[in-house]
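*Asks:* Letter by letter, the chains look like this.
2 protein chains.
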Amino acid sequence: MALTIPEVAANARTAANQLQNVTSTQKSQVLAHIRRELEAHKEEIFAANAQDLQLAQEEVAKGRLSASLFKRLDIKGDNEEKFNTLLQGVTDVDNLPDPIGQVTRATELDQGLDLYRVTAPVGVILVIFEARPEVVVNISCLSIKSSNAAILKGGKEAYHTLAVLTRVMQSAIEGVVQDIPFPKDAIQLVSTREHIDELLQQDRYIDMVIPRGSNQLVRHIQNNTRIPVLGHADGLCSIYLDDTADVNKAPGLVVDSKTNYPAACNSAETLLVHRSLLGSDLLTKTIKSLFDHGVSLRCDPPTLQFIENSPVLGSASYKKDQQYSASTDEDYDTEFLDLCMAVKVVDSVEEAITHINTHGSKHTDCIVTETPAHAEKFMNMVDAAGVYYNASTRFADGFRYGFGTEIGVSTNKTHARGPVGLEGLTIYKYRLYGQGHKAGDFGVGANKKAYLHNDIGVDSVKNKFVR
Amino acid sequence: MALTIPEVAANARTAANQLQNVTSTQKSQVLAHIRRELEAHKEEIFAANAQDLQLAQEEVAKGRLSASLFKRLDIKGDNEEKFNTLLQGVTDVDNLPDPIGQVTRATELDQGLDLYRVTAPVGVILVIFEARPEVVVNISCLSIKSSNAAILKGGKEAYHTLAVLTRVMQSAIEGVVQDIPFPKDAIQLVSTREHIDELLQQDRYIDMVIPRGSNQLVRHIQNNTRIPVLGHADGLCSIYLDDTADVNKAPGLVVDSKTNYPAACNSAETLLVHRSLLGSDLLTKTIKSLFDHGVSLRCDPPTLQFIENSPVLGSASYKKDQQYSASTDEDYDTEFLDLCMAVKVVDSVEEAITHINTHGSKHTDCIVTETPAHAEKFMNMVDAAGVYYNASTRFADGFRYGFGTEIGVSTNKTHARGPVGLEGLTIYKYRLYGQGHKAGDFGVGANKKAYLHNDIGVDSVKNKFVR
Chain A
1 MALTIPEVAA
11 NARTAANQLQ
21 NVTSTQKSQV
31 LAHIRRELEA
41 HKEEIFAANA
51 QDLQLAQEEV
61 AKGRLSASLF
71 KRLDIKGDNE
81 EKFNTLLQGV
91 TDVDNLPDPI
101 GQVTRATELD
111 QGLDLYRVTA
121 PVGVILVIFE
131 ARPEVVVNIS
141 CLSIKSSNAA
151 ILKGGKEAYH
161 TLAVLTRVMQ
171 SAIEGVVQDI
181 PFPKDAIQLV
191 STREHIDELL
201 QQDRYIDMVI
211 PRGSNQLVRH
221 IQNNTRIPVL
231 GHADGLCSIY
241 LDDTADVNKA
251 PGLVVDSKTN
261 YPAACNSAET
271 LLVHRSLLGS
281 DLLTKTIKSL
291 FDHGVSLRCD
301 PPTLQFIENS
311 PVLGSASYKK
321 DQQYSASTDE
331 DYDTEFLDLC
341 MAVKVVDSVE
351 EAITHINTHG
361 SKHTDCIVTE
371 TPAHAEKFMN
381 MVDAAGVYYN
391 ASTRFADGFR
401 YGFGTEIGVS
411 TNKTHARGPV
421 GLEGLTIYKY
431 RLYGQGHKAG
441 DFGVGANKKA
451 YLHNDIGVDS
461 VKNKFVR
Chain B
1 MALTIPEVAA
11 NARTAANQLQ
21 NVTSTQKSQV
31 LAHIRRELEA
41 HKEEIFAANA
51 QDLQLAQEEV
61 AKGRLSASLF
71 KRLDIKGDNE
81 EKFNTLLQGV
91 TDVDNLPDPI
101 GQVTRATELD
111 QGLDLYRVTA
121 PVGVILVIFE
131 ARPEVVVNIS
141 CLSIKSSNAA
151 ILKGGKEAYH
161 TLAVLTRVMQ
171 SAIEGVVQDI
181 PFPKDAIQLV
191 STREHIDELL
201 QQDRYIDMVI
211 PRGSNQLVRH
221 IQNNTRIPVL
231 GHADGLCSIY
241 LDDTADVNKA
251 PGLVVDSKTN
261 YPAACNSAET
271 LLVHRSLLGS
281 DLLTKTIKSL
291 FDHGVSLRCD
301 PPTLQFIENS
311 PVLGSASYKK
321 DQQYSASTDE
331 DYDTEFLDLC
341 MAVKVVDSVE
351 EAITHINTHG
361 SKHTDCIVTE
371 TPAHAEKFMN
381 MVDAAGVYYN
391 ASTRFADGFR
401 YGFGTEIGVS
411 TNKTHARGPV
421 GLEGLTIYKY
431 RLYGQGHKAG
441 DFGVGANKKA
451 YLHNDIGVDS
461 VKNKFVR
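Note that the protein sequences, when read in sequence, are chains A and B.
Residue numbering for the first sequence follows full-length UniProt numbering, starting at 1 and increasing by one per position.
Residue numbering for the second sequence follows full-length UniProt numbering, starting at 1 and increasing by one per position.
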């Protein structure tokens, strides 16, 4: 009999409590066994996936599922390439340093009274994702590595694949014989859509929600739970060409930020241009390059005029209402996720900053300039997870940042911001070691002790609590 | 004309954006001037406070305000002692290291492409507090030091005092002539009670809420906002006497944890006792000491029987239903905040851990033992902000931890946990410095570059972004 949502959540909490005690070695054994078992059961997984693909094909035929979503459902790929990437991902996570048990602060409060701040798992995380079934493996491995219990809610299109993947991983967890039992409920799958809102009410058991899906999904979750949500609904990134922008850098940076992968959250949606660049070779080259890469522009009156009057851009090669058109106010608040970009002229770096802080989504914004003082001002004052100087917004990514993995990108102002790696799944505990120390013995006055507050030096105790 | 709540919140956002650019020196100048101006206007402040005290006295007479709340309203103290402490507090915050601009990660992604993770202000914080008017000065200074904009919502009892204190601080901010203007709206006061719920809806502008007040206030806030709340509603701390607890440590630790300041959130509310200690000298001494300090106990059947059968405790000196009585289930979920404690026998450290993870509030819990393996298990598996070994729960405090200040204590599982200092008011930004680097140039294949991911070494660039 299927468990109720509160039962699933309570089981996850119990598992999370047990996971507080597992060692690095155990986690590594479990991850290695998960890889082996996934490999051993691959035909079963492919068969389940074929079932999902067949059902999905019918949906595509009825126009109820897009071709791109259909493609993402496939777990095998050509020559099992996608599946092998999935397996390699398990090993990659296994090879990352253990994020738990790291000492980040150590203070001697008194003789024999030592305080350590030590990284610890957040506890129970709920991950809600759409379409790509391999996410269930990736997230399970990240949860295990960070000693968290995960409740996984996938899309109904991948129902059969997700069920087999989860069952294989759970039996792999149980199959590893260890001193401390590793809880099977470290990962649990919840399958049907209607459960989302009930899951979002389990704030008694669930410590964090990570939504991986459409803007609508994320916004729905943010608006319907008391549980902290790690993620972002929008990715409205801007790139600003300052008056001293370098003609050899600007066109490439704008084109890369827009066209490298237009559907990504770190692609640029708005191009801000310093007024002094109107009529410049730099702006002509930048816009021509955007046009030549298939980008259509939504322009404010000055840029529209600039294009129309330009011998290069205003020629017959580029057509109004195809390559460019007049912008509306909404264009500056729109995440196009497509080969489309809003353009606006500003009078100063300050105006660019104000525009971004008003219209941006606090994700990643770039200034192109050869004036370091302008760059510093921009990077100080733009309130975003990533502030870039002469670098493409497309670098905003956990792998590119060197985290080895990415849970997602957060535009939150608390906990974790920007691309989030394993560290985002951790919090810390204070561990205090005494010898019968009483607070009443400290204070001002006769016979009272003062606190030492000696820095123990994190490096000397770094691995003290790695198990 | 008074501003509306959305206007106040929007002004705070504007101020927060400006505050991203202020320097350490400027913040220090502002804090020093605030201290001077508070001192210069002390008679005016005392006069406003006298007004509040007079109105409050009438409320006390009518039985609508408690004597202890009345006492906390006074800002002057004997010989202006309380006021001088307030002034010293401004200087103490000024003397703390700047929490903003600290590099916490630095990676060379490619030649000329350097990534820095740098601490940044959270943005706009809303602080809701009750009674003690000096909190407004303390929080304002902490916000300024951490470059945040603060909206301050105090209790109506301190209306006149808060108004004068805020006005003096705002004009002190404006009075400091600086290159970069320091925004007056860095601190704003909101006064009347009915504004709380409207403030809690300003998630578009406000990044974090910090409630400082009763459990009811905190719970109301947690239940009525989408803004992240930093704090704790309950402080249900436990102390567990393990089978090898030391007779020379246990009684003192239990008494200190319970009686040092019973109304504090870090006082112990539940005493868990290993069954093998029934009949022991240690338990007799511990309970006798609690009785002698005026603590009454709510006992489970085994401890009740132990007390009644004890020649010392069961004697006429200690009376049933005065010093001790039978416990109810609710007693183990109750934060007494008084000289009262629930007692329960457990069979093992595992049972103690399970009890605490079920009934505790994830604040601070202690094990008294001479078996280090039990201590490690307890400290690993108890899911609390503080896990203590032979040390009083009363050490859970920002000053005692050596943070120099305390915003509050958090039982959250994200962002900040345990006693929170200035660091809890910060998040970080990723600053990426490139030279025209495009993401499309990296990847697998011919002519593609690989990321270097060289650790730059945080120490070598620690102060690179301190302004």
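Keep in mind that the hints are not guaranteed to be accurate.
As the list makes no split between identical chains, a pair holds if one copy fits it or if it spans any two.
Stated by the list, open to error - Dumping the calculated DSSO-like pairs for lysine-lysine here, alpha-carbon to alpha-carbon at most 27 angstroms:
#	residue 1	residue 2
1	LYS438	LYS76
2	LYS156	LYS319
3	LYS448	LYS184
4	LYS71	LYS82
5	LYS76	LYS42
6	LYS62	LYS448
7	LYS288	LYS319
8	LYS156	LYS184
9	LYS319	LYS462
10	LYS71	LYS156
The hints are simulated quantities; they were obtained by calculation from the structure and are not laboratory data.
*Asks:* Please work out whether the CA atoms of LYS156 and LYS184 approach to 27 angstroms or closer within one copy, between two copies, in both situations, or in neither?
*Replies:* Classified as within; 23 angstroms inside a copy, 53 angstroms across copies.
*Asks:* Have a look at LYS76 and LYS42 and pick one of within, between, both or neither, based on CA distance no larger than 27 angstroms.
*Replies:* Within one copy only: 9 angstroms inside, 75 angstroms across.
*Asks:* Are the CA atoms of LYS319 and LYS462 at most 27 angstroms apart within a copy, between copies, both, or neither?
*Replies:* Neither: 62 angstroms inside a chain and 52 angstroms across chains, both beyond 27 angstroms.
*Asks:* Between copies, within a copy, both or neither: which fits LYS62 and LYS448 at Cα up to 27 angstroms?
*Replies:* neither (80 angstroms within a copy, 41 angstroms between copies)
*Asks:* Within, between, both or neither: how does the pair LYS438, LYS76 come out at a Cα-Cα threshold of 27 angstroms?
*Replies:* Result: close neither inside a copy nor across copies, 61 angstroms intra and 31 angstroms inter.
*Asks:* With identical chains treated as interchangeable, where does the CA-CA distance between LYS71 and LYS82 reach 27 angstroms or less: within a copy, between copies, both, or neither?
*Replies:* within (12 angstroms within a copy, 69 angstroms between copies)
*Asks:* Can you give me the call for LYS448 and LYS184, within, between, both or neither, at a CA distance of at most 27 angstroms?
*Replies:* neither (51 angstroms within a copy, 42 angstroms between copies)
*Asks:* Can you tell me if LYS71 and LYS156 fall within 27 angstroms by alpha carbon in one copy, between copies, both or neither?
*Replies:* Within one copy, since 15 angstroms is at most 27 angstroms while 61 angstroms is not.
*Asks:* Within a copy, between copies, both or neither: where do LYS288 and LYS319 come within 27 angstroms Cα-Cα?
*Replies:* within (12 angstroms within a copy, 92 angstroms between copies)
*Asks:* For the identical chains here, do LYS156 and LYS319 meet the 27 angstroms Cα criterion within one copy, between copies, both, or neither?
*Replies:* neither (43 angstroms within a copy, 64 angstroms between copies)
Hint check: violations occur at hints 1, 2, 3, 6, 9; the rest are consistent with the structure.
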